[in-house]
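Undergrad: Spelled out, the chains give:
Protein chains: 6
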Amino acid sequence: MNLFDLEKHINEILKVEQFDDYCKNGIQVEGRHEVKKIAIGVSYNNTFFESVKSWGPDAILVHHGLFGKGVIDITGYKKKRIENLIKNDISLLGYHLPLDASFEYGNNSEFLRKLGIEIVEEFTFGYKGKLKEKVEFQNLIKQVKEIINNQKLIYYENKKYSKNITVVSGSGANFIEKLDPEVDTYITGSVEEHTRDIAKDMGVNFINAGHYSTETFGIKRLGKYLEEKFDLEVKYFEYYNEV
Amino acid sequence: MNLFDLEKHINEILKVEQFDDYCKNGIQVEGRHEVKKIAIGVSYNNTFFESVKSWGPDAILVHHGLFGKGVIDITGYKKKRIENLIKNDISLLGYHLPLDASFEYGNNSEFLRKLGIEIVEEFTFGYKGKLKEKVEFQNLIKQVKEIINNQKLIYYENKKYSKNITVVSGSGANFIEKLDPEVDTYITGSVEEHTRDIAKDMGVNFINAGHYSTETFGIKRLGKYLEEKFDLEVKYFEYYNEV
Amino acid sequence: MNLFDLEKHINEILKVEQFDDYCKNGIQVEGRHEVKKIAIGVSYNNTFFESVKSWGPDAILVHHGLFGKGVIDITGYKKKRIENLIKNDISLLGYHLPLDASFEYGNNSEFLRKLGIEIVEEFTFGYKGKLKEKVEFQNLIKQVKEIINNQKLIYYENKKYSKNITVVSGSGANFIEKLDPEVDTYITGSVEEHTRDIAKDMGVNFINAGHYSTETFGIKRLGKYLEEKFDLEVKYFEYYNEV
Amino acid sequence: MNLFDLEKHINEILKVEQFDDYCKNGIQVEGRHEVKKIAIGVSYNNTFFESVKSWGPDAILVHHGLFGKGVIDITGYKKKRIENLIKNDISLLGYHLPLDASFEYGNNSEFLRKLGIEIVEEFTFGYKGKLKEKVEFQNLIKQVKEIINNQKLIYYENKKYSKNITVVSGSGANFIEKLDPEVDTYITGSVEEHTRDIAKDMGVNFINAGHYSTETFGIKRLGKYLEEKFDLEVKYFEYYNEV
Amino acid sequence: MNLFDLEKHINEILKVEQFDDYCKNGIQVEGRHEVKKIAIGVSYNNTFFESVKSWGPDAILVHHGLFGKGVIDITGYKKKRIENLIKNDISLLGYHLPLDASFEYGNNSEFLRKLGIEIVEEFTFGYKGKLKEKVEFQNLIKQVKEIINNQKLIYYENKKYSKNITVVSGSGANFIEKLDPEVDTYITGSVEEHTRDIAKDMGVNFINAGHYSTETFGIKRLGKYLEEKFDLEVKYFEYYNEV
Amino acid sequence: MNLFDLEKHINEILKVEQFDDYCKNGIQVEGRHEVKKIAIGVSYNNTFFESVKSWGPDAILVHHGLFGKGVIDITGYKKKRIENLIKNDISLLGYHLPLDASFEYGNNSEFLRKLGIEIVEEFTFGYKGKLKEKVEFQNLIKQVKEIINNQKLIYYENKKYSKNITVVSGSGANFIEKLDPEVDTYITGSVEEHTRDIAKDMGVNFINAGHYSTETFGIKRLGKYLEEKFDLEVKYFEYYNEV
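Protein chains in written order, with my numbering: chain A, 1 to 243; chain B, 1 to 243; chain C, 1 to 243; chain D, 1 to 243; chain E, 1 to 243; chain F, 1 to 243.
Calculated directly from the structure, the hints in this document are not laboratory data. Treat the hints with caution; some may be incorrect.
[As the list claims (entries may be wrong)] So these bits of chain D aren't anywhere near chain C, every CB distance computed over 10 Å:
no.: 1; residue: 15
no.: 2; residue: 55
no.: 3; residue: 197
no.: 4; residue: 223
[To be verified] Here are some of the chain E residues that sit facing chain D, going by a computed Cβ distance under 7 Å:
no.: 5; residue: 66
no.: 6; residue: 69
no.: 7; residue: 72
no.: 8; residue: 73
no.: 9; residue: 74
no.: 10; residue: 79
no.: 11; residue: 88
no.: 12; residue: 147
[As the list claims (entries may be wrong)] Listed next, with one range per pair, are the computed distances between beta-carbon atoms:
no.: 13; chain 1: A; residue 1: 242; chain 2: F; residue 2: 22; range: 36 to 42 Å
no.: 14; chain 1: A; residue 1: 8; chain 2: E; residue 2: 124; range: 19 to 25 Å
no.: 15; chain 1: F; residue 1: 50; chain 2: E; residue 2: 181; range: 21 to 27 Å
no.: 16; chain 1: A; residue 1: 103; chain 2: E; residue 2: 139; range: 47 to 53 Å
no.: 17; chain 1: B; residue 1: 171; chain 2: A; residue 2: 180; range: 47 to 53 Å
no.: 18; chain 1: B; residue 1: 171; chain 2: C; residue 2: 22; range: 28 to 34 Å
no.: 19; chain 1: F; residue 1: 37; chain 2: A; residue 2: 103; range: 55 to 61 Å
no.: 20; chain 1: C; residue 1: 154; chain 2: B; residue 2: 33; range: 55 to 61 Å
no.: 21; chain 1: F; residue 1: 55; chain 2: A; residue 2: 89; range: 22 to 28 Å
no.: 22; chain 1: F; residue 1: 55; chain 2: E; residue 2: 130; range: 42 to 48 Å
no.: 23; chain 1: B; residue 1: 33; chain 2: D; residue 2: 76; range: 23 to 29 Å
Where a beta carbon is used, it is the ideal one built from N, C-alpha and C, also for glycine.
Using the sequences and the accompanying hints, generate a full structural model.
TA: Here it is as structure tokens:
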């Protein structure tokens, strides 16, 4: 498949033009134009590169590619990350906020579907969901843990039951202040020093399920879609991160 | 002591006018004007308030007071935090960035002094320091742990030894990209998903010593100074936070 | 009635989300959640508060509540205004630009209706209206005076007759420069040093009918609506201001 | 005297380059280059122009010239104001904020000197002054009235005596919130609907001495200086404005 | 015809309200209100003025009128340009970006129509077109030259044939970087030092057909339309510019 | 010499930290750290790269390196430019505005020195100079041509003689409006459609001496300095550009 056709297709299904992001969503580094094998993962870096290299991908497709705005500056740790791609003629495609927010292929919608929670409405880059029946918060924690391979959780219990549950993958801790009053439980991928007491003073249950662990769903879903839709070999490479 | 004289004095020694912050540095909520007893701590919230209330302070002085910019909005969890102060006629004074950055009374300069590291120059809101002799990174970790009461650390070892050490208290993880090439070790109070691999690709040792744990030094140092300088009773209230 | 349901309802009928204002439109200070009695007025301040206190309102609803953008700063004259509310558990709701601009409940549309002038189109936060027959400007002045209880007017006569009349309540003097050429008469609630000669050089009649006096219509109209629609006691408190 | 030399000299003594204003400070419309006669006044407009025309000035020098930022647009009431100058080959020079703020030639410093009040420090575009002995506020009002030819004042008495007095000429009403606590009396040239109650809730005396009436001092002082310094005929043209 | 009716009509057909420009699009200097004769041209300046003066126009209508944003400043070379209009009571109307971009009356759509190229889609302020059959680039150059009266061209040949051709009149050289990959030839009215090598490294043919020469089409087309539609005498005045 | 020591030294002598530019001034692409041979030139692109490659430079140092602000986007024509460097392990250093403006090593100061004109003061990124005796403008043109190897000039004569001469290398045409009245001649490296008539209406002589041709002086001067100061081989590569 042609690299630019691939980019155009993903840009359309993820509605890339609707997002103002601090990375380019699409081709960040241009490699060979004929794409047959795509390595996917959560985050691009030199360790990730080494783990996919021998598989021989034509392109790497990740949630966290190369970040940053400003003048062109290919030095320091970024230089090696770019050099690895260019010397091996491998393209890097990154999709950040569009892959959090997508209803079809996104981290948050997938998370809620895996928990069996019906999606009710958008909330920043995530979604608010509603359970048919309330569950004990301790039960919900167990279900979350199963989905994310027993990642260690930081959680704050301020209500015995959960029913209206909002999920924002990644660094979403500060969005807790914007929850509507109906929400009893907030799941995200980060926690700040002030989060414990804001959750307590708001009376809301809180779960930090990990930045990495909440962001594997979207890229896997997207990879599967591409493999089925086009004549492509797609392989997910795990490089686990406790944060 | 008069409340406004107290504020004026602290504003001067912390050079408040030099900072563009997302909270007011100074009196955030005005209570009784005669101040004899000051409760100090890292973060103001309703649990903290309950713990200091019976001691009968005239004012509360913290590093994390009331944050946020925008139109006046005394609702939700903030309403109760303000109500507690107003109904008890207790003032709230907050000093944020000036208390990170101060050379005399700051979180970072105090941290380096406790580790016996000579301060070399400013770095964002913290400081760069230099050891006379290099130490093994694993040794440095032990020393850091002692200072912060065995707070659990997340660390990434990318060099065997440490000698040039930069410290930024609180949410400083992203400043790692701005370190000058001489620095071998970065200590801060937060960690992001990408920090592990940026540290690795840069070849820099990294320690997340906790947001709370890196920010007790400044307020304690300031409290001691005020107690000695003026006719005031000052008491530190611990409300530990693992984050 | 529940406080948050009340806010939600007013926000909807005044289309609050369409305005970028320098105050919050809605609940500015949260008091008791059950609302039965609402004191309404033009402007909230300590004198106004004293005058409504003995009536025992659950909430105060005004056009001018608490203004200002920036970091949280509950000191000086604002502190007492907030303290009065919090110590008495009374909510403050403010609606500023949405209450100037509303076609149904606004200061300007009501003003024109009281003068018997047909509304033609929007103009900034006010409206342009058209009389069926032109009237002498001196006659129009008399009619305006009747509506605003003989408030002393500053006016500049530059045409003998009025027919196309634009009204902007409050501090609208500078909008005179944006009038379309058809307008012969501009009524607003403020006057600047340069207004006299801009009106003269434009050849437009000008009336300053007072900031306060042009802004009682909307809040009264809204109060009456709420009283009829819901099970609420609503009372308007006059605190006249010649400006 | 050459027009550009004149501009250069005034720009220097008023420190024009220090101000970010919403008009050009200097030559706004270029007329004949040889300047012998200068008509001065507070505000330029067509009525003012007619009153000075027969005297035959080479240049008009005012505090309020042509205001506004944006694309070039010589239409409507501004067109005639510019045409009058160009057809008669008369220059227009305007000095706005620099003429409020100047210590030597400014509206505010002159005002305080005329009241016999010692200037203590700058305050926005005006000055804070201090009397040797406190005076009754009612007495101060009388003195102010004498200086400004019995202009009708709006004032709010909230303290019996005045000693620390701040003056900001023109539209300064909203700066009342920034006064330091020592100030007991604020004199300015405008008043807003909320000023009465902010002054009351702050406990500060307030005088609106008129926009026009507080802004004749600077231009007169500057005119006198130019007449004495250079070989120029300078004449002040009064066009009184009650606002 | 009335001047303001004329402006209103042109504003509508050129969709002026859709553009954020660095000049006013419409009446820039207001002259006599009754318009019978309109002199049109590309650029207004004193030489252009002298050439149209004896013809006795009521208004001048150009693509490049008076440019610049900021405070009112009628000095230097702009003063004479304005004086010429005001002393002769002639209006100046300028239409800049709307006259580049208009599909009906624009510089770029007219250019493509004259070359017999079908317009496919908008591109910044110009259009992308497509030929039915590819032509040799050297042939295209000849056709362009004929249309613009043998203006000397700077061109860079990087492909033998042209088929997908994008045109942006005036200073469009830097838009070359935004061309979509299908475009093989870019025609504009300027060239920068880096253009030659960007065109070469992109593999795109480039023609600088001159700022002036690419911008006569729109104003002529608009002039003809106005002459036919209204009872007006319209005359184009050539003042050729090799740039 | 070490690459980072080289960058640090140039940054200091060109006062890089004083400029807000649309490229990084310093290392734009990091190559090998040991630098012995430096290829210098005006503009980096793929043709320039091919011409220097066989000489075997460790670093390329130019006035025009990689431009643009925004998210990381290594695609299109920029991809090949970066690839050439990375695959050959050659660094790219770019110095833009600091190399125009430098008094010691800059394009403009060097230009004036070569013309034997004394530098009087800074003007934007260039300098104003003064001749001891006025020269005929046609004579000045001849001298300029000699310095820039008979580059074809566009010039506009509006005064017979030149004495006060301002020079701004590169795209400086629009700065003509900011010249002080004493300047009779402006030399720059670009020309716009409106320049001819602004120069004429201002009465100022104008020379467009070419973007490339006005910008060889600084980089040559810097190269010579580096060669003499350090143990480096430095070679200038001409890739002439008529623009």
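Undergrad: Could you tell me which of the hints above the structure violates, numbers in ascending order?
TA: 3, 11, 12, 17, 20 and 23
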